[in-house]
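S.K.: Put chains B, C and D on the given structure of chain A with help from the hints.
4 protein chains.
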Amino acid sequence: MSMGRLTKGPHPLLIELLYEAKFADDQTHLLRHLLELDAAHVVMVSRQGLLSQRSAAALLVTNRALVTRLERGEETFERSTRHRGLYAVYERHYIDVLGSEIGGSAHVARSRNDINATLTRMRLRRALGGFLEHGVDLVAALTEQAEAHLETLMPGFTHQQPSQPSTFGHYLSGVTAELLRGLHWLSGADVAIDCLPLGAAAGFGTSFPIDPQQVAGFLGFSRVFANSLDAVASRDYIVQVLAALSVVGTTLSRIATDLQTWSAPAYGFLSWPDELVSTSSIMPQKRNPFVLENIRGLAVRPFGALFEALAGLKNTPFTNSVEVSAEATHSVWEALDATQASVRLLSLLVRSLKTDHSEMERVLGSSGTTASAIADMLVRESGVSFRTAHEIVSREVEGLSGATGPETVGRRLQEAGLTLGHRIAIDPASLAAAMDPRKVMRSSGYGGGPAPEATRAHNAALRRECLLLRAELTRRTQAQADARQRLQLEIASICEGHST
Amino acid sequence: MSMGRLTKGPHPLLIELLYEAKFADDQTHLLRHLLELDAAHVVMVSRQGLLSQRSAAALLVTNRALVTRLERGEETFERSTRHRGLYAVYERHYIDVLGSEIGGSAHVARSRNDINATLTRMRLRRALGGFLEHGVDLVAALTEQAEAHLETLMPGFTHQQPSQPSTFGHYLSGVTAELLRGLHWLSGADVAIDCLPLGAAAGFGTSFPIDPQQVAGFLGFSRVFANSLDAVASRDYIVQVLAALSVVGTTLSRIATDLQTWSAPAYGFLSWPDELVSTSSIMPQKRNPFVLENIRGLAVRPFGALFEALAGLKNTPFTNSVEVSAEATHSVWEALDATQASVRLLSLLVRSLKTDHSEMERVLGSSGTTASAIADMLVRESGVSFRTAHEIVSREVEGLSGATGPETVGRRLQEAGLTLGHRIAIDPASLAAAMDPRKVMRSSGYGGGPAPEATRAHNAALRRECLLLRAELTRRTQAQADARQRLQLEIASICEGHST
Amino acid sequence: MSMGRLTKGPHPLLIELLYEAKFADDQTHLLRHLLELDAAHVVMVSRQGLLSQRSAAALLVTNRALVTRLERGEETFERSTRHRGLYAVYERHYIDVLGSEIGGSAHVARSRNDINATLTRMRLRRALGGFLEHGVDLVAALTEQAEAHLETLMPGFTHQQPSQPSTFGHYLSGVTAELLRGLHWLSGADVAIDCLPLGAAAGFGTSFPIDPQQVAGFLGFSRVFANSLDAVASRDYIVQVLAALSVVGTTLSRIATDLQTWSAPAYGFLSWPDELVSTSSIMPQKRNPFVLENIRGLAVRPFGALFEALAGLKNTPFTNSVEVSAEATHSVWEALDATQASVRLLSLLVRSLKTDHSEMERVLGSSGTTASAIADMLVRESGVSFRTAHEIVSREVEGLSGATGPETVGRRLQEAGLTLGHRIAIDPASLAAAMDPRKVMRSSGYGGGPAPEATRAHNAALRRECLLLRAELTRRTQAQADARQRLQLEIASICEGHST
Amino acid sequence: MSMGRLTKGPHPLLIELLYEAKFADDQTHLLRHLLELDAAHVVMVSRQGLLSQRSAAALLVTNRALVTRLERGEETFERSTRHRGLYAVYERHYIDVLGSEIGGSAHVARSRNDINATLTRMRLRRALGGFLEHGVDLVAALTEQAEAHLETLMPGFTHQQPSQPSTFGHYLSGVTAELLRGLHWLSGADVAIDCLPLGAAAGFGTSFPIDPQQVAGFLGFSRVFANSLDAVASRDYIVQVLAALSVVGTTLSRIATDLQTWSAPAYGFLSWPDELVSTSSIMPQKRNPFVLENIRGLAVRPFGALFEALAGLKNTPFTNSVEVSAEATHSVWEALDATQASVRLLSLLVRSLKTDHSEMERVLGSSGTTASAIADMLVRESGVSFRTAHEIVSREVEGLSGATGPETVGRRLQEAGLTLGHRIAIDPASLAAAMDPRKVMRSSGYGGGPAPEATRAHNAALRRECLLLRAELTRRTQAQADARQRLQLEIASICEGHST
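Chains as they are written, first to last, in this note's numbering: chain A, 103 to 602; chain B, 103 to 602; chain C, 103 to 602; chain D, 103 to 602.
Bound-form chain A, shown alone (with noise of 0.2 Å):
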């Protein structure tokens, strides 16, 4: 029983679970795909002579209309009640078209497990390019704002409570960063993703004498696959773009929640136009900026993706399988999607932020976020050790946030050292210095810090960054486009050399 002939078609519940389910999907995603792999493959067994120029011409013809139908967006094939899904409908067509022998040939050195390989490649490569291209978009959108706020003085925070004198670029220049290096990791992929299967057919190989490489040079791959097994069972590349997807989605979350907090009327720091933010349906004071909630919820969708593809290759036989090739990798699509529309919100809210310098400048004011410099510059000027210094000006840290004067602040200082132990001299200009958030923040140059000439410096670097990445989807798209035509030329010679 568990060998031989099927003589029935599958099982309703199939047609309608399994294969109908899914159809209309293969046929908007995967069809265009497979059309040119169909072609690329038919051109390379004719030019290695396992199918006669007659044969190929026909198949390339009868390729070459579906292709025609599907780009004027006509009905491409029918299919019958009973069908097994896209491909088997699609070979069935040639051969419907074409006869038996001419249409049942072009599935020589080939079978539907290389093909599927083959397929989510070229459609995970195409999505990608498109993500990335919207991710840059968002870098340049955070440069951007990021050179214009050098100067914008706010508070730094850490755990949530103001910190040091910072600037908003600063904060900018930071997030693009981590971002440019998920979208580096996410670009990364692509060179995993660019490694042929077709050729492993079943996952054996084959006898006939097939040239792997020829078919990778006109669908845009760089290399082919060593091992057959490897090709068809493999689908480490969709964890790495998910996994790459899921760390660009942390950091948009958390831009979103930063930029929400500052939004928030406690804060004030920023706010939006009309057309970005909504009302209340029953509150008409409100002003809610909730397209930051979507993208804080879209941002984190590829974390569900990531774990069903985990769980999903976890305990399955290496080699081609359902569970593997359709069930574990099914999320990877949407998750592109949703991760994509957050880019593409954010990059709108980030372009149309205004900033309310007076209200960054009066929580500033208030928060005592001076008394590091302070410290620091009894450091340098008292010659206190650091702890001492720390210690010094906590006792008069109360006074940083109101508007009590240098000279006031100063005596208080040189009191709190003598309690200590320590006679301290503080020159009065030092201090007033130190107190001046602006001077402050224009002072932290090193280690990173929100000295605008430092940040200028890094935000530079990150723009080259961006320039070469972006330079890099170019060559992309440019190496597909060249392998494409190239293929065209191909197809074009043996139709006509058949015609003629």
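I should point out that these hints are in silico values taken from the structure, not numbers from a laboratory. One thing to keep in mind: the hints can contain errors.
[To be verified] When the alpha-carbon atoms are kept at most 25 Å apart in a straight line, the in silico PhoX-like pairs for lysine-lysine are as follows: (1) D/456 with D/541; (2) A/110 with A/124; (3) C/110 with D/456; (4) C/110 with C/124; (5) B/110 with A/456; (6) D/124 with D/110; (7) B/110 with B/124; (8) D/124 with C/124; (9) D/541 with C/456; (10) B/456 with A/110; (11) A/541 with A/456; (12) B/124 with A/124.
M.R.: Below, chains B, C and D alone, put in the same frame as chain A:
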């Protein structure tokens, strides 16, 4: 800037990515519930004197017209190109039809926040009911087969090695017990869902003297929320649904794993008819029971949704937010659908499987699975301790898998006993019985073992439980139908009262 | 090769990485339960006539000696350098002390498989009981504060924006309701745990006429397994514990998020004494309520453990395996500990928090939170529809956050009404009431709103539930103590009977 | 209240649950790195003129004394009962030994925030290096066996059904390729780790003219952070490590799954010596290769840690926080340890496995795996299309698994051809070759198939890659040793200079 009236519609990107992206889905899945909720609310505010009967009647007539169009599959309402989602379009429709005074009066004492919270519960209650029906059907399929295979002798496995004689029925009863616990857990989530948030308004209740309990009666909810913030902020019940679904998923994946192992040619225990297997596009000998791979893959989909929900809820304010109400729990629907598909496919496979008894007994006979029964016999009849008996048998274990007869085995066991310092008497009949897998299986009736009468009793208990669960599902469906009828009577009464 | 007696001990790497690595932990957490289980089993097999009273007495005396040493913190037993984990060492000890015939007789009618399954349940039952005690204590802390802050006026927030007047007590009652649901869910897992696997042996029961119900009575279990495979293969209850724990964790993280927001200087609503905050190693002005960050981090630890358990169970055979029994659920203990720490820390913070009413009212007064109350008033008293009232108020909303008095606001609202075509009468007293946040809060008593008497009633209900949960925990503890006493009496009877 | 000096130590519960709970672990794993970091910082601030040589020498002497004690396993320092964790105790020790002026001077231009960020990187870099060594060793074990089994004929499987003739070596090369990609990914994380945060202070840099690049040179880091906020806030590299580890884990679980299937008696392909299997406590015939279950379980541990890290980072402010720096990434160490154990166990199993060729060929011979080779032969020699050939062979597929000879099979294929309207010639020698699994395997050399010379070439490539990775690991270790030596020379120079 952080307060004030909006004078512009939403940005096109928000419409594209947030509002329009969800509209079709909301219309398909939420509108029917929104119409029902709206009617119940209008009836209640009218009965409480918060809305004139004339306004109420006008609103209800409009509502009924929409219900009719929806049921007929007709276009329900037009939407502006700059809309803000289903509810906004819906309220706009009322105002367009009835004018701002009557059309605008429906929104008294409610908010989008409590409406959304209610709609999610209504949709989930319905989906869960459907899922559980299929779940109960799988339990029925499993217990039927378990009953049919009470005497189907097969090796029991641990660590994927044959262990002791068992039956296929015992295996099926065991997995059914776990499955039923999962379904009970899932069914328990319905109790958590069964609490009405409507009346909580934006999350801070209302000063209008509404009667939420009345609305609950019209919508088939048993309880109402005592705290308005809890009503709009909490989504714990969705996590409960997803966790229970994940447990059900692990059970399904474990069953599918065993069925797959046993249907491999190396075992040959199980097979399926043509319409439930597939062949290969290149290997004509293949009969792949590939649906088991779909089941394994589909069954664990709720894992991802569960983690999205948990990560989505983490570190959110306890109040209404888009992040919680729209994004965090977004994947529950797809997780329910996927697991339901898995349940239905497994029911089909369980009902149509064929067992090959000779293959089961072939493996059983060659793997020494009676060794522990022989050791037990030595304890019982020869007076040695279990550890000694184990040691004696271990020295003769190779003899158990071949054709060696009881006499030879008995003599060798005695020799082994002597080597260990034990002179043991062995009754040939007892040894022969202990070496007979079927007799061993029949005697293993303690501690939940595979003896047929024990499994039969367990099956009966499982079927009773299954009947109770089915009765509970019927009760729920009926309670909602009753509520719906009460609401229709009230609607009729208000509309007729008014038209008179 | 796949069958036969082992003549060598385990490889050193297995000892290092598998056996020795877990030994200390098992001795700390499992040995006490193993001794109890062992005694109960020996008593039962003795009473069933499967073991002589003499052997039983000898085993029980040895068992009691180990209990004594363990309770005194003394070394329990030596282990060989090539042992195979706690149970093997344990049985070896019996044989060393009592000889192979008596020492080797304890293992009759049981297996490591059912023993391990039982030990996990015993340990988890105990840990869960401890957790729930702390959970109930947090509920008590929250409801006490909720009761104390029934009149503590503060802005209610949605989307992190001030929305409507509410109270701190209302917030606390809301989160308590969700927390209590989580604890109830967790407590329900105890019912799932409360089923004894012992007697299932390797997973296929036994032919010895054992009485598992008797053992259940000695160990404080209510039920026994009807299917031996289910008994050793299933770990669904651990997923249930982890899922419920994860839900509790999300609730804790949400509470901590709000408390952190409100303790930031920009809000200034909450603060804690010195011993619960930290300062910075370099910023002497800092008072970081950093414990809230630990709570957020610790609370979500069960997420990882939950995912490990689910992924660990996926695609495993439904039988006993190391993968399921040892690896998949390994992290439950750490998850319980971490969440328990989070619960205890939050109890401490809740009990010792200080509120600053002037800051709460400052934010409330400046953010127009009475706008919807004014719109409601217009509906009630001026006869316009809610949508119209909302529109009218939205045109005057800036005036609500400043010092503008009711008269001016009233006049402007009338003008706004006229613009929209509505001539409306406004009662100055009603408007003044609608503009007074405290009055608005007090009037919001419907739909679970913050009016003090409504919150008080909800608090009373929460406290009743909490008492019931506490009573249930006490009942469980008592039931186990009773069982333990029954066992001790049996042990004494067997040992005394023998020594006579 | 939200600002000001603390006058009390931490609450006892904080000490119990937060500080004391981590102290021993921090001392074991972080102190060595803290001492090195501290020395490097002191040398740098001394060279930059920010600290007198006298103070620097005193601090370094104290530091070296601690290093000596730590290396000797002696007690390093006492801690007060109310301490605030390792760093606080550490600085206190300096002040106790050297007085507040010298002891308190070490903390200039640094903060606990950048110190913690640096320590995590130092610890992770070291742990990762150790892991990769074991990973490379597993690759070596796999490629050795792959090379030894180039001709070990076995059925290739898809969907757990025998598919086509393959070799065990081909399987092993395939999984090794995926494993190596995972290790490369993991190794790439080291590049992300290799950036020094020290100098970022609390997250806002410093006004002291420090030189972080100098410190990097002493600690073996290649780069320093350009943005101080990024330096203390980001933990993206930990997610990268955990994601790569998770991918490696899925690969390990898939290998273990296949090895487990093939070592079941039903297959009998693989076995292990006594010291690597276990028997049952009650079933003396059992030889469980249970270590494969530990491997599957241990290998997927990083999944949980990965999810904890992602959920832990979600919705946190982009700055230093306890939630991010201590809690979110807490599980990375255990995940590394568990996966490393899995890697080591699998290396051992791979090195010591025995194959049973007769069992492999038994399964191969009975399952029709040459069907597609025969179809390919018909395409090549009989001129039919692949689809027609597939159809012809499918009608005779039962004959392929038995003892039917080529002549009979050939005649039947011709008859089947006629039925389908094709008169085909069949060369008996070609058919005999296509029916011989070994010949089929040897001819499958295209597309990465199992022909020995193709697998040999792939193996050679894998070994080259493995050598390169090993060389890179050695380079990293050496670079750190060089850095350490530079630091020691500087320390010696400062200390000697001072003592002169």
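S.K.: Now tell me, hint by hint, if it's right for this structure.
M.R.: Hints, one by one, checked against the model:
A C-alpha spacing of about 24 Å is found between residue 456 of chain D and residue 541 of chain D, which places the hinted pair at or below 25 Å, so the restraint holds. The suggested pairing of residue 110 of chain A with residue 124 of chain A holds, with an alpha-carbon distance near 21 Å, which does not exceed 25 Å. Under the criterion of a C-alpha separation no larger than 25 Å, the hint pairing residue 110 of chain C with residue 456 of chain D is consistent with the structure, at around 17 Å. Restraint check for residue 110 of chain C and residue 124 of chain C: satisfied, since their Cα atoms lie roughly 21 Å apart, inside the 25 Å limit.
With a CA separation close to 17 Å, the supplied pair residue 110 of chain B and residue 456 of chain A stays within the 25 Å bound. The straight-line distance between the Cα atoms of residue 124 of chain D and residue 110 of chain D is roughly 21 Å, inside the 25 Å bound, and the hint therefore holds. Of the supplied pair hints, the one linking residue 110 of chain B and residue 124 of chain B holds, its CA atoms being roughly 21 Å apart against a limit of 25 Å. Between residue 124 of chain D and residue 124 of chain C the CA atoms are separated by roughly 20 Å; this keeps the pair inside 25 Å, and the hint holds.
Annotation: proposed proximity of residue 541 of chain D to residue 456 of chain C is violated, straight-line Cα distance about 83 Å (limit 25 Å). For the proposed pair residue 456 of chain B and residue 110 of chain A, the alpha carbon gap of about 17 Å is at most 25 Å, so the pair holds. About 24 Å separates the Cα atoms of residue 541 of chain A and residue 456 of chain A, which keeps this hinted pair within 25 Å; it holds. For the hint pairing residue 124 of chain B with residue 124 of chain A, the CA-to-CA distance comes to about 20 Å; that is within 25 Å, so the pair holds.
Hint compliance for this structure: hint 9 alone is broken.
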